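The listed protein sequences correspond, in order, to chains A and B.
If you read the first sequence in our numbering, its first letter stands for residue 1, the second for the next number, and so on.
If you read the second sequence in our numbering, its first letter stands for residue 118, the second for the next number, and so on.
In case anyone wonders, no lab produced these hints; they're calculated from the structure.
Be aware that a few hints might be false.
[Claimed, not checked] The calculated label-pair distances, taken between Cβ atoms and stated as ranges, are:
(1) T17(A) <-> E183(B): 46 to 52 Å
(2) G51(A) <-> K230(B): 43 to 49 Å
(3) T77(A) <-> N228(B): 46 to 52 Å
(4) A122(B) <-> S83(A): 40 to 46 Å
(5) E79(A) <-> K230(B): 44 to 50 Å
(6) R22(A) <-> S201(B): 42 to 48 Å
(7) R22(A) <-> A122(B): 30 to 36 Å
(8) S84(A) <-> P231(B): 21 to 27 Å
(9) P157(B) <-> S7(A): 28 to 34 Å
(10) T77(A) <-> T137(B): 40 to 46 Å
[To be verified] Sample of chain A residues with no beta-carbon within 10 Å of chain B, all distances over it, derived:
(11) T17
(12) H29
(13) H41
(14) G63
(15) S69
(16) K70
(17) S110
Nothing here was measured: the structure is a model prediction, and the numbers come from that model.
Ideal Cβ positions, reconstructed from N, Cα and C, are used throughout, including at glycine.
Here is what each chain is made of, one letter per residue.
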Amino acid sequence: DAGITQSPRHKVTETGTPVTLRCHQTENHRYMYWYRQDPGHGLRLIHYSYGVKDTDKGEVSDGYSVSRSKTEDFLLTLESATSSQTSVYFCAISEASVGGETNEKLFFGSGTQLSVL
Amino acid sequence: AQSVAQPEDQVNVAEGNPLTVKCTYSVSGNPYLFWYVQYPNRGLQFLLKYITGDNLVKGSYGFEAEFNKSQTSFHLKKPSALVSDSALYFCAVRELYNFNKFYFGSGTKLNVKP
Numbered sequence: 001d002a003g004i005t006q007s008p009r010h011k012v013t014e015t016g017t018p019v020t021l022r023c024h025q026t027e028n029h030r031y032m033y034w035y036r037q038d039p040g041h042g043l044r045l046i047h048y049s050y051g052v053k054d055t056d057k058g059e060v061s062d063g064y065s066v067s068r069s070k071t072e073d074f075l076l077t078l079e080s081a082t083s084s085q086t087s088v089y090f091c092a093i094s095e096a097s098v099g100g101e102t103n104e105k106l107f108f109g110s111g112t113q114l115s116v117l
Numbered sequence: 118a119q120s121v122a123q124p125e126d127q128v129n130v131a132e133g134n135p136l137t138v139k140c141t142y143s144v145s146g147n148p149y150l151f152w153y154v155q156y157p158n159r160g161l162q163f164l165l166k167y168i169t170g171d172n173l174v175k176g177s178y179g180f181e182a183e184f185n186k187s188q189t190s191f192h193l194k195k196p197s198a199l200v201s202d203s204a205l206y207f208c209a210v211r212e213l214y215n216f217n218k219f220y221f222g223s224g225t226k227l228n229v230k231p
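Construct the entire structure; sequences and hints are all you get.
This is the structure we're talking about:
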């Protein structure tokens, strides 16, 4: 899966606890994304990053925060996990073109299955 | 608002028959369109894309897709299905000038029976 490692692969946690998911890439791609996948909803963008320390919200960002202190790492934090955040979380990356602006396709990690009880 | 619709949750087809997985989209301006495939317990994998040019685009594993601007559709096709094509297929759209955001459909499960 294109030099993308997500950890952990599976996690079970309790409501109200903080959880951090990690995405690590070895491709030196500029853009990184966190999606969640839920039946009937497909993939929905949580947050994305367009560079170190540059992040922005996606369509379902409430209850989530992100950080990117290095090009290769993009962390997703659930400050206080809720049962509605039970989902499969995918990290994706994409590269800028030589001109720096075009962003044509995504490469995905293998996902993290998170269960909040 | 940008959106992608995949009207069929599931498509069943016999091996050797042609297959079509439907996708319609709504986006401001000219779209960038994509198809991705997901096998069990795996991340999504890129199949093909339409950026500009010929309305029929060819991708991996013998898949192709036809862009129809008037119908705002981007249906995925394959002339002869294989059992190994059974997977979850996602259509996605990206705005031409908002390159940070990709919007995905809800997915269509393709079942190819021997």
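Whether the CB-CB distance between S84(A) and P231(B) falls inside 21 to 27 Å: 40 Å, violated
Assessment of proposed distance window 46 to 52 Å (beta carbons of T17(A), E183(B)): This hint holds: roughly 48 Å between Cβ atoms.
A122(B) versus S83(A) beta-carbon gap, inside 40 to 46 Å or not: 28 Å, violated
10 Å cut-off, C-beta based - K70(A) kept clear of every residue in chain B: 19 Å, holds
Verdict for T77(A), T137(B) (Cβ pair) under range 40 to 46 Å: At roughly 41 Å between Cβ atoms, T137(B) and T77(A) fall inside 40 to 46 Å, so the hint holds.
Verdict for T77(A), N228(B) (Cβ pair) under range 46 to 52 Å: 38 Å, violated
Minimum Cβ-Cβ distance from T17(A) to chain B exceeds 10 Å: 25 Å, holds
10 Å Cβ clearance of H29(A) from chain B: Fine: 13 Å to the nearest Cβ keeps H29(A) off the interface.
Non-interface claim for G63(A), where every Cβ of chain B lies beyond 10 Å: Per Cβ check, G63(A) is outside 10 Å of chain B; nearest 19 Å; holds.
Whether S69(A) stays farther than 10 Å from all C-beta atoms of chain B, as the label says: Per Cβ check, S69(A) is outside 10 Å of chain B; nearest 19 Å; holds.
Cβ separation of G51(A) and K230(B), checked against the hinted range 43 to 49 Å: Holds - the Cβ-Cβ distance for G51(A) and K230(B), about 47 Å, lies within 43 to 49 Å.
No chain B beta carbon within 10 Å of H41(A)'s: 6 Å, violated
When each numbered hint is compared with the structure, violations occur for hints 3, 4, 6, 8, 9, 13, 17.
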